[in-house]
Structures are given as structure tokens and as C-alpha cells.
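Trainee: Spelled out from the first residue to the last, the chains are:
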Amino acid sequence: MPKDILYSVKNLTVEYKTRAGPVRAVDDVSFDIYRGEILGLVGESGCGKSTLGKAMMRLHTGPAEITGGELWFDERDLMTLSDREMTDLRGAEIGMVFQDPMTSLNPVQRIMEHLTETIQTHEPETSDADAESRAEELVERLGIRRERLSEYPHQMSGGMRQRVMISLALALNSKLVIADEPTTSLDVIVEYQFLDLLHELRDEFGLTIVLITHNIGVVAEIADRLAVMYAGKIVEIGDCFGCFGDPKHPYTQGLLRSVPNIKLDGEELYKMEGAPPNLLRPPSGCRFHPRCPFVMDICRTEEPAFKLVEGGDQITACWLYQETPVGPELSRA
Amino acid sequence: MTITKEEYPTPENEIASWEQDLDRVGFVRRALRARKWYGADWWFVAISMVMVAGFLIIAFFPDPFAPFGPNEIVGSSFLAPGETPPVPVLIVPQDSPVEELQDLAVPVGSERPAIAVEQGLPTSVALREQAQIIDDQLKDDPEELRLRVRIERYNTLEETLQAVVDEEVHAAVVQSTDFEVVKSQFPTLRASESIMGDTATAGGFLLGTNEIGQDVFSRLIWGAQVALLIGFSASIIALVIGVPLGLIASFVGGSLDRYLSLLMDSLYAFPGLILAIAITAILGPSIFNIIVAIAVVYIPTYYRIVRGQTFSVKAEVYVEAARSIGARRTEILRRYIFPNVIPSVAIIFSVNVADAILTGAGLSFLGLGLPPTIADWGIDLARGQRFIQTAWWMITFPGIAIMLVVLAFTLMGEGLMEIFNPKLRDR
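Sequence order for the protein chains is S and H.
So in the numbering used here, the last one in the first sequence is 333, and the numbering has no gaps at all.
So in the numbering used here, the last one in the second sequence is 427, and the numbering has no gaps at all.
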């Protein structure tokens, strides 16, 4: 079934320049995001999820730098846009929701000013009254009473602030919202409400959402597809049902087994061996091989290709599902 | 939309209700209500605000407060606070009918009355001025009496009085205190009332007089103007230069930031007063040069504060969030960084005014500031310092004035910081 691709990441590499040398936080990553889907991007802390999310908006700063790859958004390569064009695109077409709602709003600006500023930055001809009425309409749909618009961010609770952040992204009908751990600092009830809201917004506005999280439960709740990241690489991507029902990559399998289950009685939680690798000197071959329970000789020397598993829906990078190249005609697919 | 109910508050979402109340009220009520919330601190602020207000009023309208002009010589030198100045009195023989100076007036054309004075005392000036006043009043007199005194000068007090005894002159004018001492030697003489009418100086001076007979209190009042001018202009110039530099340096970063910081740190590392001395020594003494010198000393303070704050604000998520909604760089600087940086600047400012007043006084004290004709606390201190053993009031009161003003501004700055930044209280 051909799906409409909204955003396509091709061979993206992001490096942090450090004194000890470049650290590849995102290494040769390629994947597609379909229009109107919720893509969950999961992985351990420090695996490069947030860096990937920021790089998709070219928001990375300081030592981080995109050193290769293409970012195709709506038939345009974002890498070829000027800084000014990129600034115009942010907020208008791609929005972002940040991890900590307590600090992601300007403490000296009223909520209303945040919204009108966003609208007027991109549509300078909008009058103040128009911008305000649009803002009021928007937040009411997100379940915030319009009287509260005149408040300052610190007068709102975390969940409300997160809804304000979403409304900032929606103010100009962004096509894509990248939510970077939006529910990490919320309690479970607020978290559930927020996820519910994301789901509704997707249905109502045809929004495409990339949900970056380390919480696999959140992804299971609302995502359509799942991408698993490990040490700067996407190791498995596929339908949520497929990925959860029949995970292919050993890392995904381990990840799913380490999720606490309320029905788990007495049984000890699965603990994955080892620790995430140092990205300054990543392991040779498959990056997961030092921790992999099914490690083979080839894993130590050759990097597996990222391709569709035969007889499955997932794309994965693991030698278990690929023909092992023999002899000198080693090839990278 | 289904989500309309309020979320459950989590511990970090919970904000103390009084902190929320604080945000709902305006500036004035916030300051007033603060007494409820800040316990004993509120009177700190209240007192310092009254002091600052008093200082500002005196500096802007010195006329109703100052009895005399800043350079007016109004009495004898070195009068202690409240000490009655010696008054010039008219000395006449016991049997003379003369009671006051006016009685010496004679018709036009007759011989002018001779009056003896001791050489080198202000009595002759007082006599001539008083005689002139009486003469002017007599112009319209129908009897055509005039008072044109002939002043005879004698070397000593005794000679002056002896001249009256010997009837060489009609009368003498000497200081009342001097006459008291030698009264017994001249039993045939008596002292009439002061030749001056009732004047403002008769009751003495509140804070005494200095070495040339200027009123210390009046000079203090007039000096407030200079202190305010120096303190505020220097701080404002330093702020206007230091704040944008700090903002730009940290926002642009890179080599601009490095070189500016190097420059500012070198300025900062230099002792402030010595730097100010060097600058005024080069520019020459004038009010404007003092202001420039002090401003230069304080630019690094603003620069460092703003630069540091900008760095930390720049790293806040809301600045990144602003970029993610497509805000321009200038917009981010103006609406996100500047308003979050400025509160700390405001507090530095009020402490800085106090500091600048102190430095200005220090410069004047060292003689590098202003010409002595300007009423300035630092100059008064320097002048008083030479007479510290005999005239304590000359150096004490300008010192207290400086201390009070500096204290008021500092207390106000710190008090305001606590009221408007409640989060600082717990630290």
C-alpha cells in the first residue's frame, strides 16, 4: 500500500565536536515519516533521539553539526534552505514540543503573548484582535479556558503548559509536530490526558507527530509505527503491532522485556547485559554486538544492512535476518 | 475535545498560594502586602525608601531646606553646632545717652561720628554694612539726619576701648565675647545691644560653620544635588553602555565575546578608585569628567552580570522553544532574553548608585574632583579633615550624609530584590 511520505530522512549524520574528537550522536540514519501517522521514536538515554529530533528542524546548536545527509520535508530538502527560510518554516510547518513544560515557556510573557507572537511572526499582517481571537479559539479546543490566557506560565500546571506548547505548534497549522519526551515530567494521569489529546489532534487536524520518548508504554498507547534507536542508529522500524508482537532485533526484544508489567508477580525484570557504548569509539560491526545474546562472528566485523525482514513488516539492521556475505565479495546493501 | 477537567497537582506543579496572590496585585500593593509575607524585612525597605525619597526631594529642591547659599559666608569660622556666634556690640561710656547705632546719627553737614574697631576682625565689616543699612533708612527722614561713620582702627582690643575712654572716638564696636573678658579693666564703659538686628545667625548654626564661616548644614543640603547628579549619571551611563555590550557579547559569542570579556575583566581587575583617579587625572577635574571616570569603572559590573545572565537564559528551554516556533534572532533577544535579564540589572543599579556616590566623594576627598566652590560632600570631608582636632563637626556631618545615602540605596536595592524575586528568599 503506497503511503504518502511527509518527511524523509536520508543518511543523516549529526556529530558533536568535542575535544576528544567527533561524537556521532546520529549515524547514517534513514527513515520515512508518513503523512498523518504517529511515529514513536524510542531508545535509551543518550542514544541520539533528541539530537535526531532537533536536527530534523535544524535546531541543533553549538557543538552539534549535521555532517551529512538529506532532510526531505514536503518535497523540499531542508539542508539546502537558507537560515532565514528555515526560520520561516519553523513554527509554520514544523512545530516542536519540549520535554520540560515548566521551562519551555518564557516566564515574563503572558500565554496570550506567546500565541499572538507566533501567529504574527509568520503572518505579520494579522491584526492583534484577529490573532487574539484565533488564540482563544485554539486553546479552548485544547481544553484551556480563555480567561487563563492572560496568566503567566508559572501560574499554570505542567499539563496545561504542555497543551500551550502544542497550541503554539498548532497556531499556524503545522503539518509535523516533533514532541521530545513531552510527558516525561508529567504524572501518569496528566500524561494519559495529554496522549489522548495528541491522538485527537492527529485525527482532527491530520497532524503528523513524531513522539520521542524512552517510555515504551507511551508508544504502545498511541503510536502507529515504532522506531527503535540504539547508539546513534535506528535498529528497527515498523508497525507497532509487528514490533511489539514480533520484535526482530535483539535490542528491541530486550527493550520490550525490560518494561515493568503490573502483572509481573515475583518474576524478576529482565536486565540487559552491559551498558550503552561510548559513541566516541563505537564498537566495530554491529554496535549492539557486545550486548547481544545472539552474537555471531560476522557481527563483530561487519555492519548489517538496514532492510526489510523477509516475511515480516519491520525493517531491521541485524545479521540474524540477512544473508551472511561470504568471502571477499562482502557488500553493503 | 474531552479534556476539560483540571489535572491533579503534582508536587512541582504546586505553587504556594501566596506566591500566586503576589502575581495578581499591582506594584504598590505588592510592596505594601510584602510586610505580611516577608516578616521583619518590610520595614527595612520602608525606611530605606523614605530615606531615598527624602534624599531625592532635598537634591531636587534644596532651596526650602538650605538656610544659606552654598558659598555664602554667614558667620564666624569654626562655630560648633548650636554655638552662639559672638556678636558685635557698641561700646559707649557709662553716661552716654547712646543706646544703639542709630543714636549716633547727626544732621547733614556736621562732623561724622568716629567709631573705633580692632584691626583684622569682621566687626568693621559688620559695622560698615549696618551703618549703610541705617543710613538708607534715614534718607526719607524729615530731620535730615544721616549716619556716616568714620572708622578708626586700633591694633589691640585694649587700645580700641581706651580710645573710647579717652574720648578720641564716640564709640567702639567689639565682639561681645571679647568685651566680657576685659570688662573689669574698663569700668566706665558699658556695652549696648548688638549692632545687628535680629538675624538668622543670631541663634547659632545647626551643624556649625567651617573654616571660612560657611554654614555646614547648608553645604550638606546643596551637596545632595551633586551627589545625586554624580551617582545617577555615572550609573546610567555605565548601564547604557554595559548592558548592551553584555547582551551582544554573549548572544553573538565567539571572538567578539572573548575580546570584550578580556577588556572588561582587565577593567574590573583594576581597583575602582585608582582607575577613577587615573581617568580624572588625565581628563582634568570637572563634574562631567568625574561622571565619565566613575561610569568607566562600573561598566564591567553590568557587562559581567548581563553576560552571565544571558548565557544562562540563552540555554533555557523557552529560548529553544522560541526558535522552534520560528522567532527571529532579534525577537529572541528582545522578548525572551532581555526581559529575563533586566531584573538583576535593576538591583545592581540601585546598589551601584550608592557606590558611585561613594567613589565620587572619594575623588573629591583626594582633591581630584571638583573646585571647592561647589558644595560637595567629598570636598567638605577633605576640608574638614585638616581641622579634625578642633572642629569635629566639619568632617562628621558630611561623612554621616554619605553613609546614610549609601545605606539607603543599598538597603532599598536589596529589599526590592527580595520583594520582587520571592524565589531568592529561600537561598
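Wrong hints could be hidden among the right ones.
Unchecked claim - Where chain S lies over chain H, by a calculated footprint (3+ residues, C-beta under 8 Å): (1) 171 to 177; (2) 310 to 318; (3) 321 to 329.
What the hints assert, rightly or not - With a cut-off of at most 30 Å between alpha-carbon atoms, the simulated DSS-like pairs for lysine-lysine come out as follows: (4) S:175 with S:271; (5) S:10 with S:271; (6) S:271 with S:307; (7) H:183 with S:17; (8) S:3 with S:175; (9) H:139 with S:175.
Please keep in mind that the hints were generated in silico from the structure rather than gathered at the bench.
Glycine is no exception: its CB is placed at the ideal position from the N, C-alpha and C atoms.
Trainee: Evaluate each hint against the coordinates.
Mentor: Results of checking the hints against the structure:
1. 171 to 177: That given contact is violated, which follows from only 0 residues of the region 171 to 177 of chain H lying within Cβ reach (below 8 Å) of chain S.
2. 310 to 318: Since 3 is at least three, the answer is holds.
3. 321 to 329: holds (count 8)
4. S:175 with S:271: 39 Å, violated
5. S:10 with S:271: 33 Å, violated
6. S:271 with S:307: Satisfied, since the Cα-Cα distance of roughly 28 Å is no more than 30 Å.
7. H:183 with S:17: Violated - the C-alpha atoms of residue 17 (chain S) and residue 183 (chain H) are around 99 Å apart, more than 30 Å.
8. S:3 with S:175: Measuring from Cα to Cα gives roughly 16 Å; hence the hint holds.
9. H:139 with S:175: Given pair residue 139 (chain H), residue 175 (chain S) is violated - Cα atoms ~101 Å apart, limit 30 Å.
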